[in-house]
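**Q** For reference, the chains in residue letters:
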Amino acid sequence: MATVLGEVSSQVLAGQPIPAATLETLWSEASDLVALGMVADEARRKRHGSRTTFVRVAEIPLEAVAHVPIPPAAGEVRLVGTPASPGDAVAAVREAVRRAAGIPVTAFTLAALSRMAGGADALRELVTDLTEAGLAAVAEATVDEHDDLRRDVEAVRDAGAAIARFTIRRWPAGSPVPTLQDVRRLQKTSGVVRSFAPLAREIDHARPTTGYDDVKVVALARLALHDVPSIQVDWRLYGPKLAQVALLFGADDVDGVQADDEAPHGPRRAPLEEILRNIRAAALDPVERDGRRAVREA
Amino acid sequence: MSVHAIAEKVAAGGRVGFDEACLLYREAPTHLLGTLADAIRARRHPERIVTYIIDRNVNYTNVCVARCSFCAFYRHVGSPEGYVLSFEEIFQKIDETIEVGGEQLLLQGGHNPDLPLEWYEDLFRAVKARYPRFRLHALSPPEVVHLSRLAKLPVEAVIDRLITAGLDSIPGGGAEILVDRVRKLLNCYNKATADEWIGVMRAAHRAGLRTTATMMYGTVETPEERLEHMFRVRGLQDETGGFTAFIAWSYQPEHTELSGVEATGVEYLRTLATARIVLDNVDNLQSSWVTQGGKVGQLSLAFGANDMGSVMIEENVVRAAGASYCMDEIEIVTNIENAGFAPRRRNMHYDLLGEPIFRERAIPRRFGLAVAKDAGTALMPDELSGYAARSRSAREQRRAPGRPAQPS
Ligand code: SF4
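Residue numbers (our numbering), protein chains in the order written: chain A, 3 to 300; chain B, 242 to 649.
Please note: incorrect hints may appear among the correct ones.
What the hints assert, rightly or not - Here are some of the chain A residues that sit facing chain B, going by a computed Cβ distance under 8 Å:
hint	residue
1	Leu35
2	Arg172
3	Gly176
4	Leu244
To be verified - Label-pair restraints from in silico Cβ distances:
hint	chain 1	residue 1	chain 2	residue 2	range
5	B	Ala603	A	Ala16	54 to 64 Å
6	B	Arg267	A	Glu275	15 to 25 Å
7	B	Thr618	A	Ser30	48 to 58 Å
8	A	Pro174	B	Asn431	52 to 62 Å
9	B	Glu596	A	Ser30	22 to 32 Å
10	B	Glu498	A	Glu275	19 to 29 Å
11	A	Gly51	B	Gly617	35 to 45 Å
12	B	Ala603	A	Glu275	39 to 49 Å
13	A	Val70	B	Glu498	30 to 40 Å
14	B	Pro605	A	Arg47	31 to 41 Å
15	B	Glu465	A	Ala285	15 to 25 Å
16	A	Glu204	B	Ala603	28 to 38 Å
17	A	Gln183	B	Tyr591	37 to 47 Å
18	A	Arg53	B	Val244	14 to 24 Å
Hint data in this document are derived by calculation from the structure and do not stem from the laboratory.
Yeah, the Cβ is synthetic: ideal placement off N, Cα and C, and Gly gets one too.
Using the sequences and the hints given, assemble the complete structure.
**A** So this is what it looks like as structure tokens:
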């Protein structure tokens, strides 16, 4: 295992892709977790150094777009839910953009838009309309929810729009390497994957993933996706402790930090303070970004 | 010395000095600390076994005169929420523990001035009479100090009497940080100074008991004071060899007078790994999944821990301060195996007892923790009237005919 990691380290430093067979070996060896983390951290530092971005997100349910308060501290307003029709989707985005007062608005999953549009041309038109309504990016492309992910992703690209993050709903049983390879190929041909969030969005509470599984998949994602700029973890979904540890296993961006600054337990436990403290405690440098990935001034 | 040079020394099996440990703890990359700690764990436990114990964390009373500022569990003397468990309630908890394969109670509680030494002796004797093989891992050093003050007896005499009554081992609770500056700030200096805590452990080891050592970090102490704590434990271990394990856990701030924030997961892993490096004479390091959650709890196994602690059946103290993680035996075993280790049940002395019990017989699954007092039961049991009370409120209550019950 030590030799394999040594080779991987050299490949990382040379900016070369890690072969799938090597990734499989890394996945099946649980005993060298820290060493795996160290190599993934090398890959992350080669790209980002100690810079660690985070975004404060205000999630707005579609049906409440007209009246849910939008915290001014948000760096991204994210519309969640499935619109009934393309017209509804565009109207909701327009309203969210109006109320967000300059905060970038992201919305919907690409799978939902694809289902609604029913074909590549219609999807491209819909995304064009959403962009004209002010949409900063499609919020999410869940890689295991598409009949034809490449077609849908290319429709978004052809509309000149962006996808904020690629996610996975649930990893298939066994190794994550084949799925990561698919994402790698998608990036190679389309270049649209700005960020991949490797921790599954759907948590099976009867059989939750373990801490080892989680950080290994983060490390593997960083190593497998050498030309994807960012590996992301979700603050709310996996909790601060795991998300913070994941920053040492290849992740460089934290999604889903709470946007309101309510601090019922005192100012040191306000969300912004918490995220800054956690990133610094991992000996990393926090940088706040917005939904367009622009750095927010302190 | 540089971090690199100290790391090489540790990797070669060398012992770190205080300044070296401080430099490592402050400046070594987390991966390096993990690598060093994991290598030490592998040297000490080459068979890749990770142990756990099935026991029950029972808090016999929440009435406490110590009033530590970090504690969300205690109630003051005379509080309508104060409770003492009856012997019968404790027997019932033991029955439930045995049902899921447990062989021990971890029995700790507040410094209740109305429970004299005789109450503890009677309880221990009653437990041993009814459950001769069941073990009592009971009374942390500050509780022993409290009893010695209450009974006006030396610590050694209190320990002797408790051993005679049935005490098997002493848990390392109440250590917090073994530095008196910190203890004064946390209002736990009066319950036991650092020297008193060490003194009780020394007396216990000399009396033939094995004990654990704990550290609660993340309040007001400096990183150097955390290390001072570890070095005090290492020093006594050099002298007596009586500690079986070291357990570090982070302060839980919810509902406490001290308030503040909890140390992060990475700080936990760094502290654990540093403890593995410094405590080269302590065999076992426990994962504190109760405070860190199952995921970081499992990751502890890559940062020096070789023990998953207790399959919690009941927990009251940490939960009162906000943490509410729960894992039954199946989950603990799943986590151990998923990390590539072989799970084994153990007792308090870390003797291996065997394979997971749920693989031998059907065990009811537990997805929640039991509480100290069931709703509707008397908060102060009648049997207390047979014991001398120190406080006026308890004296009056023990004279009165009825007793308040826990609201259902
Ligand atoms: S930590 Fe123990 S001694 Fe301190 S107040 Fe709480 S119960 Fe009492």
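**Q** Does each hint fit the structure? Answer for all of them.
**A** Each hint tested on the structure:
no., hint, result
1, Leu35, "holds (4 Å)"
2, Arg172, "violated (17 Å)"
3, Gly176, "violated (14 Å)"
4, Leu244, "holds (5 Å)"
5, Ala603(B) with Ala16(A): 54 to 64 Å, "holds (55 Å)"
6, Arg267(B) with Glu275(A): 15 to 25 Å, "holds (22 Å)"
7, Thr618(B) with Ser30(A): 48 to 58 Å, "holds (52 Å)"
8, Pro174(A) with Asn431(B): 52 to 62 Å, "holds (58 Å)"
9, Glu596(B) with Ser30(A): 22 to 32 Å, "holds (24 Å)"
10, Glu498(B) with Glu275(A): 19 to 29 Å, "holds (21 Å)"
11, Gly51(A) with Gly617(B): 35 to 45 Å, "violated (60 Å)"
12, Ala603(B) with Glu275(A): 39 to 49 Å, "holds (48 Å)"
13, Val70(A) with Glu498(B): 30 to 40 Å, "holds (36 Å)"
14, Pro605(B) with Arg47(A): 31 to 41 Å, "violated (48 Å)"
15, Glu465(B) with Ala285(A): 15 to 25 Å, "holds (18 Å)"
16, Glu204(A) with Ala603(B): 28 to 38 Å, "holds (30 Å)"
17, Gln183(A) with Tyr591(B): 37 to 47 Å, "holds (44 Å)"
18, Arg53(A) with Val244(B): 14 to 24 Å, "holds (23 Å)"
In this structure, the earlier hints numbered 2, 3, 11, 14 are contradicted, and the remaining ones agree with it.
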